[in-house]
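Those sequence lines, one after another, are chains H and B. Residue 16 in my numbering sits at position 16 of the first sequence; the count goes up by one each step and never skips. Residue 430 in my numbering sits at position 142 of the second sequence; the count goes up by one each step and never skips.
These are calculated hints, taken from the structure and not from any lab test.
If the Cβ cut is set under 10 Å, some of the chain B residues that face chain H in the computed set are: (1) 300; (2) 317; (3) 338; (4) 340; (5) 345; (6) 348; (7) 353; (8) 354; (9) 356; (10) 359; (11) 361; (12) 364; (13) 405; (14) 425; (15) 426; (16) 427.
All values reported here derive from a predicted model rather than from experimental measurement. Glycine included, C-beta positions come from ideal geometry on N, C-alpha and C.
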Amino acid sequence: MQFCRVRSVAEAVDELSRWGTEGRILAGGTDVMPQYLRGEQSPAALIDISGIDGLQGISEVGGVTSIGALVTMRRLATASLVQLRYPALAQAAALVGAWQTQTVATLGGNICSAAATADTLPALLVADAQLMLVSKSGRRRVSLEELLEGPGVTALRPTELLRAVEVEPLGERGAEGYVKVSRRSAMDLAVVGLALRLSVTPSGVISGVRIALCGGARAAHRVPTAESLLLGSQLSGDIDVFGAVGEELARAVGPAVSPEAHYRRRVLRGLFDRLARRCTAQIPGASG
Amino acid sequence: MLVQPSERDVTIRLVVNDRAHQFDVDAGETLLGALRERLGLTGPKEACYEGECGACTVLVDGGPVASCILAAGSMSGRAVRTVEGLARAAELTTLQQAFVRHAAVQCGYCTPGVLMVLTALLDEVPDPCESDIRRALAGNICRCTGYQQIVEAALDAAASVQP
Ligand SMILES: Cc1cc2nc3c(=O)[nH]c(=O)nc-3n(C[C@H](O)[C@H](O)[C@H](O)COP(=O)(O)OP(=O)(O)OC[C@H]3O[C@@H](n4cnc5c(N)ncnc54)[C@H](O)[C@@H]3O)c2cc1C
Ligand code: FES
Ligand code: FES
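With the rest of the complex left out, here is chain H (with noise of 0.2 Å):
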């Protein structure tokens, strides 16, 4: 195996040209190394992002924030901006593993790993997430709900570099969060994690709605049939659609095929109602 630390976009493109299939992009590693080191991949090439300054930053541009590839969990967890604007984002980081996994995993990982229980996918599934894609062959943005194929599958071709990540903000009169449950409180994968985002009009009529899910048997994925139950709903009325959002989303997790599936249909109406009241109740004259 060789190990090819790159120091710029173009270099790394070049080599991943170069290696093709045969090389393997390296961030944080938290996801490649053991990997590696179980003997479950042996790549030709390492090929060593981690010291592209220009993947690190978080920018705002016209309303819209950019989020470097290389930006880590630790950096999403505690930055101001994203605890603002970005707060299911924030939170979810603060959940991936312990301080040590989140000091060098970044959010470029998470995405392209495409792991099912991938804790900041939900949250970036809420943000409408659009991915800056580049290859030798050029430029190209796609969402990350058309990026999402499967458990660990993505439409990223070999050759291409997650760049930095789109992100919109949550509105003025909104809020959102995310949750997880987990064996352990700490340091352990999502058996199913829920991200919910909330707009509300001045009358308390809620005028956007956005839930995603991982956990379940595909993809991190938006869950629209439940979004629209919400959809319409008078925030400070009868909040009795929280039991019926939270079964649409039970019924999203699939066929009950394993015990785990009828366990995470279980915890996620539960998940569901706490999340949405902890989201309302941040909502100025929401809470009736």
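Dock chain B with the ligands against the given chain H, drawing on the hints supplied.
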């Protein structure tokens, strides 16, 4: 597992415990392997080799990392601190002294990693509460102490550096 015959060397330059080093590592080598086998720093311990237990924790640019799953080849330009780099001129740090006072060490296998995480915490939050300490330690497994003495030592260390 650390050294496979087909691997190509990569040269790294880094600072470990305030001393500059330059040496070759293998492509799949871990920072833990490099520290222990090339630099003779056996403070960071080998246990799970999966990033799960914290025994191998060192600081990279001040942040705690599981060195057992970190590629040594990525470490150029980084500053690493291991437990050997805590005491200055043979004087233990306030945290280390508190560990001694509180008998927070039993078999000692987890101790180097625990000390590194708590050192990072006290750098960031000089007056942590018990839950800050427990949260910081979520990635460190100790099979002996039950954590209580460790938490008490950390609280004591924080109190003794307060003005
Ligand atoms: C102890 C432990 C606990 C963990 N707990 C959690 C958890 O609770 N929740 C969770 O979601 N994950 C968890 N993980 C998994 C892992 O830490 C995350 O998926 C992490 O975000 C991966 O990022 P990385 O930078 O380390 O990726 P790497 O390991 O460097 O890369 C991961 C994959 O993405 C590709 N890649 C990386 N960056 C790019 C890029 N810019 N462009 C194209 N491809 C790229 C790599 O080639 C590789 O296939 C845990 C891992 C460990 C070791
Ligand atoms: S040996 Fe590194 S975390 Fe266990
Ligand atoms: S003192 Fe023995 S593992 Fe912690």
